[in-house]
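Sequence order for the protein chains is U and B. Under the numbering used here, the letters of the first sequence match residues 193 to 602, in that order. Under the numbering used here, the letters of the second sequence match residues 168 to 413, in that order.
Please note that a few of the clues may not be correct.
Stated by the list, open to error - Listed below are the simulated PhoX-like cross-link pairs for lysine-lysine, each with C-alpha atoms no more than 20 Å apart in a straight line:
| hint | chain 1 | residue 1 | chain 2 | residue 2 |
| --- | --- | --- | --- | --- |
| 1 | B | K193 | B | K362 |
| 2 | B | K286 | B | K220 |
| 3 | B | K382 | B | K193 |
| 4 | U | K200 | B | K311 |
| 5 | U | K200 | B | K220 |
| 6 | B | K244 | B | K220 |
| 7 | B | K286 | B | K274 |
| 8 | B | K239 | B | K220 |
| 9 | B | K239 | U | K566 |
| 10 | B | K362 | B | K382 |
| 11 | B | K288 | U | K200 |
| 12 | B | K274 | B | K288 |
To be verified - Stretch by stretch, here's where chain U covers chain B in the computed footprint (C-beta under 8 Å, at least three residues):
| hint | stretch |
| --- | --- |
| 13 | 245–252 |
| 14 | 265–272 |
| 15 | 364–376 |
Think of the hints as simulated: they come from the structure by calculation, not from any bench. The beta carbon of each residue, even a glycine, is placed where N, CA and C say it ideally should be.
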Amino acid sequence: MSRSFFLKNPSVLVFIACLALFTLGATILSDGFGVGLISTSFIKTLGKTLCLCLVAIAMDLVWGYAGILSLGHMAFFGLGGYMIGMWLMYERTRLIITESMSNAAIPPTDQEVVDAIGTQIFGVVGSSDFPTIWLFSASLPMQLALVVLVPGLLALIFGWLAFRSRVTGVYLSILTQAMTLALALYLFQNDSGLRGNNGLSGLQNLPGLDAVPQSTLSVWFLWASALALGLGYVLIAWVVSGKFGSVIRGIRDDEARVRFLGYSVEGYKLFVFVLTAIIAGIAGALYYPQAGIINPAEMAPIASIYLAVWVAIGGRGRIYGAVIGAALVSLVSTWFTSGQVPSINLGVYTVNWVDWWQVVLGLSFVLVTLYAPKGIGGLFDLISGRTPPNRHGKDLGPDAGSLQEQEAEQ
Amino acid sequence: MSTLLEVSGVSVSFDGFRAINNLSFKIGPAEMRAIIGPNGAGKTTFMDIVTGKTRPDEGRVIWGDKSVNLLKMSEAKIAQAGVGRKFQRPTVFEDQSVFDNLMMAIKNDRTPWGVLFFKPKSSDNARAEELASEIGLADQLHRKSGELSHGQKQWLEIGMLLAQDPQLLLVDEPAAGMTLEEREHTTALLAEAAKTRAVVVVEHDMEFVRRLECKVTVLHEGSVLAEGSLDHVTQNQDVIDVYLGR
Ligand SMILES: Nc1ncnc2c1ncn2[C@@H]1O[C@H](COP(=O)(O)OP(=O)(O)O)[C@@H](O)[C@H]1O
Ligand SMILES: [Mg+2]
Numbered sequence: 193m194s195r196s197f198f199l200k201n202p203s204v205l206v207f208i209a210c211l212a213l214f215t216l217g218a219t220i221l222s223d224g225f226g227v228g229l230i231s232t233s234f235i236k237t238l239g240k241t242l243c244l245c246l247v248a249i250a251m252d253l254v255w256g257y258a259g260i261l262s263l264g265h266m267a268f269f270g271l272g273g274y275m276i277g278m279w280l281m282y283e284r285t286r287l288i289i290t291e292s293m294s295n296a297a298i299p300p301t302d303q304e305v306v307d308a309i310g311t312q313i314f315g316v317v318g319s320s321d322f323p324t325i326w327l328f329s330a331s332l333p334m335q336l337a338l339v340v341l342v343p344g345l346l347a348l349i350f351g352w353l354a355f356r357s358r359v360t361g362v363y364l365s366i367l368t369q370a371m372t373l374a375l376a377l378y379l380f381q382n383d384s385g386l387r388g389n390n391g392l393s394g395l396q397n398l399p400g401l402d403a404v405p406q407s408t409l410s411v412w413f414l415w416a417s418a419l420a421l422g423l424g425y426v427l428i429a430w431v432v433s434g435k436f437g438s439v440i441r442g443i444r445d446d447e448a449r450v451r452f453l454g455y456s457v458e459g460y461k462l463f464v465f466v467l468t469a470i471i472a473g474i475a476g477a478l479y480y481p482q483a484g485i486i487n488p489a490e491m492a493p494i495a496s497i498y499l500a501v502w503v504a505i506g507g508r509g510r511i512y513g514a515v516i517g518a519a520l521v522s523l524v525s526t527w528f529t530s531g532q533v534p535s536i537n538l539g540v541y542t543v544n545w546v547d548w549w550q551v552v553l554g555l556s557f558v559l560v561t562l563y564a565p566k567g568i569g570g571l572f573d574l575i576s577g578r579t580p581p582n583r584h585g586k587d588l589g590p591d592a593g594s595l596q597e598q599e600a601e602q
Numbered sequence: 168m169s170t171l172l173e174v175s176g177v178s179v180s181f182d183g184f185r186a187i188n189n190l191s192f193k194i195g196p197a198e199m200r201a202i203i204g205p206n207g208a209g210k211t212t213f214m215d216i217v218t219g220k221t222r223p224d225e226g227r228v229i230w231g232d233k234s235v236n237l238l239k240m241s242e243a244k245i246a247q248a249g250v251g252r253k254f255q256r257p258t259v260f261e262d263q264s265v266f267d268n269l270m271m272a273i274k275n276d277r278t279p280w281g282v283l284f285f286k287p288k289s290s291d292n293a294r295a296e297e298l299a300s301e302i303g304l305a306d307q308l309h310r311k312s313g314e315l316s317h318g319q320k321q322w323l324e325i326g327m328l329l330a331q332d333p334q335l336l337l338v339d340e341p342a343a344g345m346t347l348e349e350r351e352h353t354t355a356l357l358a359e360a361a362k363t364r365a366v367v368v369v370e371h372d373m374e375f376v377r378r379l380e381c382k383v384t385v386l387h388e389g390s391v392l393a394e395g396s397l398d399h400v401t402q403n404q405d406v407i408d409v410y411l412g413r
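Can you make the complete structure from the sequences, with help from the hints?
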């Protein structure tokens, strides 16, 4: 990554500038650091939205650029959340328990403390023992490593099996849905070790930082999310800017042709799949401490479908498009489903937006797919006057080259 | 003469239909060969087998000095070993510039890691420009290849083929849909390539084949019907019956 990268991709600098301005603006208007025009809960919504934008640009890399319509990336997102949630829950419970036990006449043994934490955490699922997967939950560095390793390894194994057998197109999408569904169903079980449908909760309280009010914490997380989004954006822009970008777009458009050029298509797909799963995991690890709770419903197949819808509406194959799609649709969605939008009384029927929003979203997805395949991001082409000719159709024949040139200039 | 590629006793069936039937074929390291034959004779399928796209039911495909078995290798590995292919329908990456298409093809590290950190050296840029002028696209280097005319796309694909620096070029109907002038240019490109490598050209057009001035293999119903100079095969009674007579 050098100066020439930014010179060749000025849109990256524009995006970073917008993101910085947004973060600064939100901070100034926030409760914790500024004038208090934006409530703490809305700061959290904004921070969460940035995390959704991060997973959306990962989705754009895997789908918009490499052509792999994964309907399982929100599972990686959720796994990242679970990994950080385990430490948050363990450590906070430990602090509470050691404090309450410190008043006892006889100081508790280490084992007693661990047992008490276990009872506290796993009481809801009728257990008190730590399952094996909680082995590292006492260590923040280990759980942070798992945020990257668990989604990365799952993607590696799944991708290796799927790509090696050359599963593509809609079959691959179905397979990723099956993976997500299986994972969610597994986590719903009480003996999965992650508290079944209760999930992990209280994640908004950072251990040892009880003195810091949520209004301040929320801004910290906003900053962290903005930083992660900025770094993720630069990383992905860099990945797609060079020859690697050429190859994966080639794979998207004609994978057999890329193979006959001597590139191992499977290796490239696996690389992109794992990289984006890791980015999704990191996004999830930043999202769930702001949400405060994670449960297996978050990893339901529909979540990954929404992710694809955001990217499609924002515009595939351009990174800022994914950001716009994710931010716009998820914020509008929050607004509609919050019940703040007044219902429309049609006399015989009342349109309740909490229910009808889904229909509107579904319709916009269909309309965008049919009539604006470039999504909202396509509007930027209109502004910049860049209308690339659509030359994927029939050839005009051997002598008509000049005609196509005129078309191109229109 | 040593052999670069040897295909022997290869057969392949699609749903019981024998597209290739006990086919044998040999080509040396710097040789031009034309394959002719009626539609459905199995010319494209033959290329599919050599490049690893289709696995034959029986037979052997042996490659190079070390006599490696191509049937055990993936498409990508076969391409890396030195077999380049041009498809019947021009297939270039339409969404990308001529330069990017060529850069993707130019022989370099093909691993994901190597490609991720790839920076074109000045020699790579020079090679891309040299190829572009060879195929008559020097002025189009930064246009999207989807905007090119049909003939230009065909050339770009030939350019990409040369960029890979293969030992064997398999060229499927390169002159289809080209004007007379364009055909002459194409012939020149192929003849130049055949000075240093093996070139197999599939073509329908007899005039085009005549200008290549090379040995001809006639394919019919998946096997070799005749082989020799163009004049020799066109006088062969079997060939006249199945192909020329119509
Ligand atoms: N993948 C396939 N599945 C079924 N039939 C095929 C396939 N590929 C080729 N064929 C059949 O094999 C025969 C030879 O085809 P092909 O090699 O394309 O002929 P040509 O000599 O015209 O290039 C044709 O009858 C074609 O229909
Ligand atoms: Mg053919």
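Right, here's what the structure says about each hint:
1. B:K193 / B:K362: Holds, at roughly 18 Å.
2. B:K286 / B:K220: 31 Å, violated
3. B:K382 / B:K193: With a Cα-Cα distance of about 12 Å, the restraint between K382 (chain B) and K193 (chain B) holds, given a limit of 20 Å.
4. U:K200 / B:K311: Answer holds: K200 (chain U) to K311 (chain B) is near 17 Å, not above 20 Å.
5. U:K200 / B:K220: Cα-Cα ~38 Å, so violated.
6. B:K244 / B:K220: 12 Å, holds
7. B:K286 / B:K274: 13 Å, holds
8. B:K239 / B:K220: This hinted pair holds, its Cα atoms lying about 12 Å apart.
9. B:K239 / U:K566: Violated, at about 42 Å.
10. B:K362 / B:K382: 14 Å, holds
11. B:K288 / U:K200: The hint holds at about 17 Å.
12. B:K274 / B:K288: 12 Å, holds
13. 245–252: holds (count 4)
14. 265–272: holds (count 4)
15. 364–376: violated (count 0)
Violated hints, in rising order: 2, 5, 9, 15; the structure is consistent with all others.
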